[in-house]
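Just so you know, the sequences run in chain order A and B. Following numbering that gives the first Met the number 0, the numbering of the first sequence begins with 0 at its first residue and continues without gaps. Following numbering that gives the first Met the number 0, the numbering of the second sequence begins with 0 at its first residue and continues without gaps.
Read the hints as simulated data drawn from the structure, not as lab findings. Hints are supplied without guarantee of correctness; some may be wrong.
[Said to hold, decoys possible] Derived list of chain A stretches under chain B, where covered just means 3 residues or more per stretch with a C-beta under 8 Å from a C-beta of chain B:
(1) 14–22
(2) 193–202
[Unchecked claim] Example chain B residues on the side facing chain A (calculated, C-beta under 10 Å, incomplete):
(3) Gly50
(4) Ala54
(5) Val57
(6) Gln256
(7) Ser259
(8) Thr287
(9) Trp289
(10) Gly344
(11) Ala382
(12) Phe394
[Unchecked claim] Ranges between beta-carbon positions, derived for each pair:
(13) Val28/A x Trp66/B: 47 to 57 Å
(14) Leu269/B x Val28/A: 22 to 32 Å
(15) Thr357/B x Asn189/A: 44 to 54 Å
(16) Leu274/B x Thr110/A: 33 to 43 Å
(17) Phe319/B x Thr185/A: 27 to 37 Å
(18) Thr185/A x Asp294/B: 45 to 55 Å
(19) Trp24/A x Arg172/B: 20 to 30 Å
(20) Ile21/B x Asp369/A: 49 to 59 Å
(21) Phe279/B x Asp112/A: 26 to 36 Å
(22) Thr110/A x Thr357/B: 47 to 57 Å
(23) Arg45/A x Tyr138/B: 30 to 40 Å
Think of the CB as a built atom: it goes at the ideal place given N, C-alpha and C, for glycine as much as any other residue.
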Amino acid sequence: MNDPVRRLSAVILIMFLALMTAASWIQVVSASSLNADGRNVRTLYREYGNFRGPFIIDGERIAYSAPVADPYNYLRSYSDGDLYAAATGYYSIVFGRSGLEQTENQLLNGTADSLFWSRLGDLFAGREQEGASVELTIRSAIQRVARDALGDQRGAVIALDPRTGAVLAMVTSPTFDPAALATHNTSDANDAYSALLSDASGPLVNRTINGDTYPPGSTFKLVVAAAALDAGYTPDTQIYAPRELKLPQSTRTLRNYGGSACSPTDSMTLANALRISCNTAFASLGMSLGWGVVERKALEFGWRDEFQIPLIVTPSGLPSDIDDARTAQSSIGQYDVRATPLQMAMVSAAIANGGTLMTPYLVRNARAADLRVISESTPTAYGIPLTTAQAADLTEMMIGVVNAGSGVAARIPGVSVAGKTGTAETGRDEPPHAWFTGFAPADNPVVAVAVIVENGGNLGSEATGGRVAAPIARQVMEAAIALDKAER
Amino acid sequence: MATVTTIDVRRGRTAEVPLLAIAVAITISARGLVDFNTDALDWASLAAYGGVTIAVVVAFHVALRRWAPHADPVLFACVVTLNGIGLAMIHRIDVAYALRGRETSFASAQAGWTLVGMALAVATIILVRDYRILRRFTYTAGIVGLVGLLLPLLPGIGREVNGARIWIGVFGRSLQPGEFAKIAFVIFFAGYLVSNRDTLALAGPRVLGMRFPRTRDMGPLAIVWVAALLVQIYERDLGTSLLLFGMFVAMLYVATQRVSWVVLGVGLFLVGAVLAGSVFGHVASRYTAWLHALDFSVYASGQSEQLVRGLFGMASGGLFGTGLGNGRPDLVPYAESDFVFASLGEELGLAGVLAILTLYIVIIERAMRAAIGVRDGFGKLLAAGLGFTIALQTFIVIGGTTRVIPLTGLTTPFLAYGGSSMIANWIVVGLLLRISHQARMPEREAAT
Numbered sequence: 000m001n002d003p004v005r006r007l008s009a010v011i012l013i014m015f016l017a018l019m020t021a022a023s024w025i026q027v028v029s030a031s032s033l034n035a036d037g038r039n040v041r042t043l044y045r046e047y048g049n050f051r052g053p054f055i056i057d058g059e060r061i062a063y064s065a066p067v068a069d070p071y072n073y074l075r076s077y078s079d080g081d082l083y084a085a086a087t088g089y090y091s092i093v094f095g096r097s098g099l100e101q102t103e104n105q106l107l108n109g110t111a112d113s114l115f116w117s118r119l120g121d122l123f124a125g126r127e128q129e130g131a132s133v134e135l136t137i138r139s140a141i142q143r144v145a146r147d148a149l150g151d152q153r154g155a156v157i158a159l160d161p162r163t164g165a166v167l168a169m170v171t172s173p174t175f176d177p178a179a180l181a182t183h184n185t186s187d188a189n190d191a192y193s194a195l196l197s198d199a200s201g202p203l204v205n206r207t208i209n210g211d212t213y214p215p216g217s218t219f220k221l222v223v224a225a226a227a228l229d230a231g232y233t234p235d236t237q238i239y240a241p242r243e244l245k246l247p248q249s250t251r252t253l254r255n256y257g258g259s260a261c262s263p264t265d266s267m268t269l270a271n272a273l274r275i276s277c278n279t280a281f282a283s284l285g286m287s288l289g290w291g292v293v294e295r296k297a298l299e300f301g302w303r304d305e306f307q308i309p310l311i312v313t314p315s316g317l318p319s320d321i322d323d324a325r326t327a328q329s330s331i332g333q334y335d336v337r338a339t340p341l342q343m344a345m346v347s348a349a350i351a352n353g354g355t356l357m358t359p360y361l362v363r364n365a366r367a368a369d370l371r372v373i374s375e376s377t378p379t380a381y382g383i384p385l386t387t388a389q390a391a392d393l394t395e396m397m398i399g400v401v402n403a404g405s406g407v408a409a410r411i412p413g414v415s416v417a418g419k420t421g422t423a424e425t426g427r428d429e430p431p432h433a434w435f436t437g438f439a440p441a442d443n444p445v446v447a448v449a450v451i452v453e454n455g456g457n458l459g460s461e462a463t464g465g466r467v468a469a470p471i472a473r474q475v476m477e478a479a480i481a482l483d484k485a486e487r
Numbered sequence: 000m001a002t003v004t005t006i007d008v009r010r011g012r013t014a015e016v017p018l019l020a021i022a023v024a025i026t027i028s029a030r031g032l033v034d035f036n037t038d039a040l041d042w043a044s045l046a047a048y049g050g051v052t053i054a055v056v057v058a059f060h061v062a063l064r065r066w067a068p069h070a071d072p073v074l075f076a077c078v079v080t081l082n083g084i085g086l087a088m089i090h091r092i093d094v095a096y097a098l099r100g101r102e103t104s105f106a107s108a109q110a111g112w113t114l115v116g117m118a119l120a121v122a123t124i125i126l127v128r129d130y131r132i133l134r135r136f137t138y139t140a141g142i143v144g145l146v147g148l149l150l151p152l153l154p155g156i157g158r159e160v161n162g163a164r165i166w167i168g169v170f171g172r173s174l175q176p177g178e179f180a181k182i183a184f185v186i187f188f189a190g191y192l193v194s195n196r197d198t199l200a201l202a203g204p205r206v207l208g209m210r211f212p213r214t215r216d217m218g219p220l221a222i223v224w225v226a227a228l229l230v231q232i233y234e235r236d237l238g239t240s241l242l243l244f245g246m247f248v249a250m251l252y253v254a255t256q257r258v259s260w261v262v263l264g265v266g267l268f269l270v271g272a273v274l275a276g277s278v279f280g281h282v283a284s285r286y287t288a289w290l291h292a293l294d295f296s297v298y299a300s301g302q303s304e305q306l307v308r309g310l311f312g313m314a315s316g317g318l319f320g321t322g323l324g325n326g327r328p329d330l331v332p333y334a335e336s337d338f339v340f341a342s343l344g345e346e347l348g349l350a351g352v353l354a355i356l357t358l359y360i361v362i363i364e365r366a367m368r369a370a371i372g373v374r375d376g377f378g379k380l381l382a383a384g385l386g387f388t389i390a391l392q393t394f395i396v397i398g399g400t401t402r403v404i405p406l407t408g409l410t411t412p413f414l415a416y417g418g419s420s421m422i423a424n425w426i427v428v429g430l431l432l433r434i435s436h437q438a439r440m441p442e443r444e445a446a447t
């Protein structure tokens with residue numbers, strides 16, 4: 000019976016060879032496709048189970064991984080989640096990532112190339128791999144003031160340091176609490192998410208940089224004025240400012256806000272036209288300059304460009320089918336001209352910074368777990384849309400707006416403030432959007448700001464940029480100046 | 000003098016010592032690694048664990064010196080290694096479950112079963128002074144096996160767990176009598192076949208160049224086939240059914256040396272499998288889950304979810320594994336029992352899995368070696384049958400987890416959590432050690 004026993008042994012060997020082959024197939028050959036399978040929660044758990052670096056604002060952690068006793072090991076937690084949600088976004092096991100949680104993911108979870116040496120060190124020391132901490136440029140004092148000033152009105156506030164491009168405040172309203180989406184209770188997260196999605200006011204939209212973008216209204220007159228200065232105009236150049244401007248190739252006329260006349264003589268200086276925000280003056284100015292000149296200036300300020308700050312900024316739009324009538328309307332920031340609040344803040348920032356536009360950014364630096372700085376943002380110039388002289392002229396004109404024009408509500412005692420209001424028709428049967436953009440102190444700017452209050456906010460159809468948006472901008476600029484003084 | 004004072008190298012007891020040292024080292028360091036990697040390293044408890052391990056292994060070794068000095072020197076050490084790796088893995092899964100708020104004590108229970116199993120293995124070695132006496136209990140064993148197989152069907156004590164009715168409740172504990180029945184059946188088959196092999200080997204009609212047995216001799220095969228089918232139908236236990244039938248066919252082949260029996264057996268098995276697949280939904284769904292495991296509809300319906308989760312686990316282990324304690328084996332259902340192999344694949348990688356499979360091969364081939372070594376037909380059949388039982392059971396479970404064959408519910412010998420399996424397989428080891436002792440004993444000593 001020994002022969003059949005030997006043959007049986009051979010059969011058993013073949014059986015085990017089959018097992019070995021199968022194991023090799025699973026663990027080596029098809030391993031990568033199995034690991035990449037969407038149903039493989041391991042991939043998810045591996046990512047979500049790692050210690051994720053925190054977001055830092057003013058030295059405080061505003062988003063961090065808190066250890067918890069569940070399969071994910073860490074729960075993404077947010078302090079003042081709704082205050083910073085516009086910047087941080089959310090980090091959800093169900094819905095993935097958004098905002099900086101998405102754009103800075105590789106730094107936060109430790110897989111960024113710049114963290115290679117740090118990972119290697121962790122490996123050898125047997126330490127758990129830790130992601131980098133990411134410090135934001137936002138200043139909590141300014142952010143809070145901006146949030147409180149905007150209140151529960153729909154709109155957005157963004158503040159930049161005109162000298163660097165650093166984003167000092169980024170407020171969008173309504174907003175959300177990322178903690179509600181980060182919860183590991185998937186049914187709670189689902190409920191919270193569907194509630195946010197079904198909310199018509201769009202709490203998940205970061206209105207400062209995304210969304211549908213807004214008609215900039217009269218704030219766009221800054222761009223037209225800049226184009227005029229380029230074309231040889233001076234603040235004192237007289238421009239045509241009729242009570243009613245007949246639009247070419249059209250039966251329609253363009254009137255001023257409230258239908259009033261800008262000047263008894265149907266003519267006024269550029270500076271005065273900007274000060275009282277005269278529509279007919281800028282419409283005719285735009286037509287005299289030609290749309291191409293205005294458009295070129297707008298492009299220099301950043302229109303149509305997709306910024307990554309590193310959040311992706313929706314490009315601000317310009318009309319593509321233009322004629323004289325549309326030029327007139329576009330020159331007062333209507334028709335197809337669109338802008339994000341960030342774009343309008345960049346216009347002010349360029350003027351404030353002597354004509355040099357700094358690229359906006361939201362991340363100050365990233366540090367490895369051992370606090371070593373692994374990446375640091377250096378301010379870079381986006382372009383020079385204005386000469387120093389033009390910037391000085393525009394500044395003077397904007398001071399006029401705040402001191403004795405449509406933007407008096409932005410005045411700060413003892414500080415000279417430069418600004419421009421806007422009241423933008425939405426094209427729908429609803430109250431206009433209230434805008435303000437400006438900077439302060441005008442002689443030595445530390446902050447440039449843009450504010451939009453959708454549909455006039457609490458004032459509704461009674462609202463103008465000067466009445467609704469300018470006071471918010473004032474509070475934000477005051478906070479920035481106070482912070483700057485305190486730190487000087 | 001009965002005491003061992005001189006060391007006979009050929010006995011292999013001294014050769015066993017370094018192997019046991021390695022086995023013990025693997026057992027203790029595996030446990031230590033789990034604790035270290037899960038930040039739960041407690042030197043005192045590890046020392047206690049190591050102390051007990053060493054004490055038990057030394058005691059077993061001494062018992063072998065006393066009662067089976069010629070026993071195979073490799074077998075015991077290989078089994079200790081597998082058992083040690085299994086204990087570490089089960090402990091690791093306890094830790095993982097605890098992290099998820101599920102308190103389990105699989106590892107301590109399994110350690111207890113191991114001790115009971117080893118004690119019963121020694122008892123087997125002592126009580127069965129000569130394996131040939133087992134032949135006297137051929138038909139008793141047959142009845143015991145049958146009763147064991149049918150017990151779970153008895154109302155009152157039978158328990159159904161996860162759809163399979165293979166458990167009985169005794170004294171508040173659950174028991175899988177099938178695990179013990181398989182030993183009884185090996186003894187029965189060996190005794191029956193050694194007496195009847197001449198008849199069964201008689202040549203019948205010649206078909207396709209192969210001599211088939213006479214129709215009138217096909218009775219026993221038919222009976223076992225029907226029994227296996229009944230187990231599949233009433234206990235919904237594909238694994239035991241396949242094990243039982245495979246065991247019989249293999250032993251029938253060894254006894255008669257006729258390939259025609261194997262052809263008949265495999266043919267009958269395929270008929271049964273197709274029949275079951277077309278008649279019973281649960282069998283058909285196993286086939287679907289096996290063939291189309293990764294299909295989204297099959298996965299979503301839950302048919303292949305467990306299998307695929309096991310595949311994900313093994314894939315994440317890759318070549319070298321995550322390391323003990325660093326993976327997420329708890330993401331696979333029944334990670335400590337049915338899918339312990341996937342857990343091992345994840346944390347020890349392909350390297351570890353191949354090593355484990357090699358250990359099984361060594362254990363099984365040592366059993367075959369013993370079968371060749373003994374001089375009587377009953378012993379050959381017994382040793383080959385026991386060895387093949389371990390081989391087939393391992394193949395059925397691991398083959399199920401690795402998609403070589405459809406998934407069935409059996410325990411991975413020595414690795415998976417489960418008291419019945421642990422005890423039964425240690426008794427198998429006891430029997431194999433006894434048989435190998437007699438196989439390796441020189442003639443003159445055997446005569447005394």
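We went through each hint and held it up to the structure:
1. 14–22: holds (count 7)
2. 193–202: It is violated, with 0 qualifying residues against the three required.
3. Gly50: Result: violated, 27 Å to nearest chain A Cβ.
4. Ala54: violated, 32 Å
5. Val57: violated, 31 Å
6. Gln256: For Gln256/B, the interface hint holds, since the closest Cβ of chain A sits about 5 Å away, which is under 10 Å.
7. Ser259: violated, 13 Å
8. Thr287: violated, 17 Å
9. Trp289: Check failed: Cβ of Trp289/B comes no nearer than 12 Å to chain A, outside 10 Å.
10. Gly344: holds, 6 Å
11. Ala382: holds, 8 Å
12. Phe394: Hint holds; Phe394/B Cβ to chain A Cβ min 5 Å, cut 10 Å.
13. Val28/A x Trp66/B: 47 to 57 Å: Once the Cβ atoms are compared, 48 Å apart, the range 47 to 57 Å for Trp66/B and Val28/A holds.
14. Leu269/B x Val28/A: 22 to 32 Å: At roughly 29 Å between Cβ atoms, Val28/A and Leu269/B fall inside 22 to 32 Å, so the hint holds.
15. Thr357/B x Asn189/A: 44 to 54 Å: holds, 48 Å
16. Leu274/B x Thr110/A: 33 to 43 Å: violated, 53 Å
17. Phe319/B x Thr185/A: 27 to 37 Å: holds, 33 Å
18. Thr185/A x Asp294/B: 45 to 55 Å: violated, 25 Å
19. Trp24/A x Arg172/B: 20 to 30 Å: Because 39 Å falls outside the window, the suggested range is violated.
20. Ile21/B x Asp369/A: 49 to 59 Å: Between Ile21/B and Asp369/A, where Cβ atoms are some 40 Å apart, the hint is violated.
21. Phe279/B x Asp112/A: 26 to 36 Å: violated, 56 Å
22. Thr110/A x Thr357/B: 47 to 57 Å: Given about 36 Å between the Cβ atoms, the range is violated.
23. Arg45/A x Tyr138/B: 30 to 40 Å: violated, 57 Å
Hint compliance for this structure: hints 2, 3, 4, 5, 7, 8, 9, 16, 18, 19, 20, 21, 22, 23 are broken, all remaining hints hold.
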